[in-house]
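A.B. asks: The chain contents come next:
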Amino acid sequence: MRFVNRHPGSGSRLLLMLLPFILFLAVYFFGSATRLAQNPDDKLLPSAAQMADAIDRVAFTEDRRSGEYILWSDTAASLVRLGAGLGIAACAGLALGVVTGVFPFLRAGISPFLAVVSMIPPLAILPILFIVFGLDELSKVALIVIGVTPVLARDLEQRAREIPRELLVKAQTLGANSWTLVLRVMLPQLCARLLVSLRLMLGSAWLFLISAEAISATAGLGYRIFLVRRYLAMDTILPYVAWITLLAWLMDFLLRQISRRCFPWSEGALT
Amino acid sequence: MSFIEIDGVWQEYGDHVVLERLKLDVGEGEFCTLVGASGCGKSTFLRLLLGQEKPSRGMIRLAGTPLPAEPDPGRGVVFQRYSVFPHLKVLDNVVLGLELPQSRFWGRLFGGKRRAARREAAAMLERVGLGQDLGKYPHQLSGGMQQRLAIAQAFIMKPRVLLLDEPFGALDPGIRKDMHALILELWRETGLTVFMVTHDLSEGFSLGSRLIVFDKTRQDPQAPNAYGARVTYDIPLNADRRAARQRIAALPRHILGGCPDKPLLEGADA
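These protein sequence lines map, in sequence, to chains L and C. Those letters in the first sequence? Residues 61 to 331, by the working numbering. Those letters in the second sequence? Residues -3 to 266, by the working numbering.
Next up, chain L with everything else stripped away, as it sits in the complex (with noise of 0.2 Å):
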């Protein structure tokens, strides 16, 4: 049988799920315990008992300092920005996606204007926002927000320009006005694919987060990484970059779940 032909098993389909992921830890934990063996004062490799012992440090014990539970605080200060700069950026992303995508007038004015500004570097005009918006939240929820908004606009006007020209007729002769198209029609229909758009976003939004966080915050998983990359403490390090990986899985998992359950007509909520 051809090998385009062969599919696995759920039992196999399992194994090979899990593979991946298990050489790389066995890869991963192998190397330490080789480096560690060799010396065991080695921070780059940490073993998973070390990393236990961090995790126990910003997870469960009250920082001395500011009598908080790092991992948790730091979390919930990044979550914050990222929900705010992503739910702003869905907002006029699909604002500016509809009106662009449904009305000729509009989208002749600002598509031409969205191409160019999609190509401005965020990073590169943070140092700006830095100046504008000083070094608080703002700054950082707006990096987001610049970010990834031209991004889901132009996209979702490629998508609304997609919606065969028949259903827009046919929505006139059923006595929709420009108004109740955009209400009945377009905006269901675009906001299903603004969950997979943003789906494909979140990458870049938490780079951004991350990014901003970098440079200037107190709080953050971000700023909480690089604060510690000066004592070379992978220990810690490495739980975090896990922790916001699961974090990051996490809201893809959630933006499908709401596709499949409020857009169950849609692609999105198939794959």
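Hints in this document: simulated from the structure, not taken from any laboratory. A hint or two may mislead.
[Stated by the list, open to error] Derived DMTMM-like pairs: lysine to aspartate or glutamate, alpha-carbon spacing no greater than 20 Å straight-line:
1) C:Lys173 x C:Glu162
2) C:Lys154 x C:Glu181
3) C:Lys132 x L:Glu327
4) C:Lys212 x C:Asp196
5) L:Lys103 x L:Asp113
6) L:Lys103 x L:Asp116
7) C:Lys85 x L:Glu327
8) C:Lys50 x L:Glu226
9) C:Lys50 x C:Glu26
10) C:Lys85 x L:Glu226
11) C:Lys132 x C:Glu116
With the hints as your guide, set chain C onto chain L.
C.D. replies: Coordinates of chain C only, in the frame set by chain L:
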């Protein structure tokens, strides 16, 4: 005065002439089938009637007044594909046609009006044979059922003109026959004016009360786009069916409501 007057209509895209010197008078209640080779402008003609495009020259009048230059609820349409809204369930697809004209801001009805609209839409869907599928999404329906839904959507608006752009082109022959019966039945009941583009000549002959053939009368081999298509044949069909329809229309309402009109028309169909 005829219901729809097409008066010297040309349609050109740049120097590509698609339709030229189109002149046609269509009476109210006619069932015109439009046939012709691919790319000879049948669908363009339908888009002109729909208001999706404006003729380059000439004028189309509907009941004496110039045709509005954009689609409106007075003219229903069923396309070959993409006629139904994928994000709405079957019932909501039809209810939408009742909600949009009544609610200019929300596009939705609430309370008693909503219940009434849903009852009316459900009755319409029952009528086209989708009574069992109200809660399904269109992608769960077969091609034929999706077209039934599109037809229900169009008829719930009670348009005066119905435009069909190869509505059954993608369907199996058996299902196509059922659809023919359905569309004829609805046409008889409502008395609207139908324009139907089809590739299938026999479909054109059997369904319509008038067959309109589009073709290019002039050909320039050096410039294939220089001349457009015209109406080359305009054949009245099924005069008995038309007559039967007029007779039924003349009957008093209470008789129509009481006795099924099918037996009366069976003979006219043959």
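A.B. asks: Holds or violated: Lys85 of chain C with Glu226 of chain L, Cα cutoff 20 Å?
C.D. replies: It holds: about 18 Å lies between the C-alpha atoms, which stays within 20 Å.
A.B. asks: Below or equal to 20 Å on CA atoms is what counts here, so check Lys85 of chain C against Glu327 of chain L.
C.D. replies: 16 Å, holds
A.B. asks: Quickly compare the C-alpha distance for Lys103 of chain L and Asp113 of chain L to 20 Å and report which way the hint goes.
C.D. replies: Roughly 14 Å between the alpha carbons, so the hint for Lys103 of chain L and Asp113 of chain L holds.
A.B. asks: Between the alpha carbons of Lys154 of chain C and Glu181 of chain C, is the straight-line distance 20 Å or under?
C.D. replies: 14 Å, holds
A.B. asks: Do the alpha carbons of Lys50 of chain C and Glu26 of chain C lie within 20 Å of each other, as the hint requires?
C.D. replies: 23 Å, violated
A.B. asks: With the threshold set at 20 Å, check whether the alpha-carbon distance from Lys132 of chain C to Glu116 of chain C stays at or below it.
C.D. replies: 18 Å, holds
A.B. asks: Starting from Lys132 of chain C, check that the Cα of Glu327 of chain L is at most 20 Å away, please.
C.D. replies: Within the cut-off at roughly 16 Å; holds.
A.B. asks: What's the verdict on Lys212 of chain C and Asp196 of chain C, does the C-alpha distance respect the 20 Å limit or exceed it?
C.D. replies: Holds. Lys212 of chain C to Asp196 of chain C sits at ~19 Å (cutoff 20 Å).
A.B. asks: Given the hinted pair Lys103 of chain L and Asp116 of chain L, is their Cα-Cα distance within 20 Å?
C.D. replies: Given pair Lys103 of chain L, Asp116 of chain L holds - Cα atoms ~18 Å apart, limit 20 Å.
A.B. asks: Does Lys50 of chain C pair with Glu226 of chain L here, judged by a C-alpha cut-off of 20 Å?
C.D. replies: Holds, at about 17 Å.
A.B. asks: Quick one, are Lys173 of chain C and Glu162 of chain C close enough, alpha carbons at most 20 Å?
C.D. replies: Holds - the C-alpha atoms of Glu162 of chain C and Lys173 of chain C are around 14 Å apart, at most 20 Å.
In the structure shown, a violation is registered for the earlier hint numbered 9 alone.
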